[in-house]
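Using the sequences and the accompanying hints, generate a full structural model.
Residue numbers (the numbering used here): 425 to 595.
One thing to keep in mind: the hints can contain errors.
[Stated by the list, open to error] Calculated lysine-lysine pairs in the BS3-like style (CA-CA distance at most 27 Å, straight line):
#, residue 1, residue 2
1, Lys542, Lys503
2, Lys503, Lys446
3, Lys462, Lys503
Treat the hints as calculated values from the structure; they're not laboratory data.
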Amino acid sequence: MRILGIDPGSRITGFAVIEYAKGQGRSRGHGVIRPRSKGFPERLGEIFAGVVEVIGELKPDVLAIETVFVARNAQSAIKLGHARGAAICAATQAGLPVHEYAPRAIKMAVVGVGSADKEQVQHMMQQLLRLTEPASSDAADALAVALCHAHTAQHQARLAGAASAVIGGRP
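Below you can see the structure in the form of structure tokens.
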């Protein structure tokens, strides 16, 4: 399964595609989208176009994205929501299913601590995905979102298998 992870932001949006199979993840590409426009609507258009380009080049099967967290600054949370919307629209236009995860759940899934800082996330992504050097903090967050979805999907598949075994009458 190829998973596109997105760490949305109106100034910098992190992206990462990981290949996940047999309990192992590997980065197929990661980086950031940095809109150059000064106008906010134009930056959203650049985020949309950047995600479309990543989807075209790296061919993911699914999108995983951070949910909006309540920030101290309401305006920042609103802008974050718009950036998420641009990325989600690009994914749905490409026919990708979208899965959303809270930042604390992502950190818990990949670091083991919901309050992990950016350096801890970067370190764990380098270790878990065997990166030769640490990814930027935004790309590392996107890798973490993708890996969180991989772990969640794997867990759900195991539960579904166990449930079907019980329903089918097998022990």
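Original post:
Which hint numbers does the structure go against, in order from smallest to largest?
Top reply: Of the numbered hints, just 2 does not hold.
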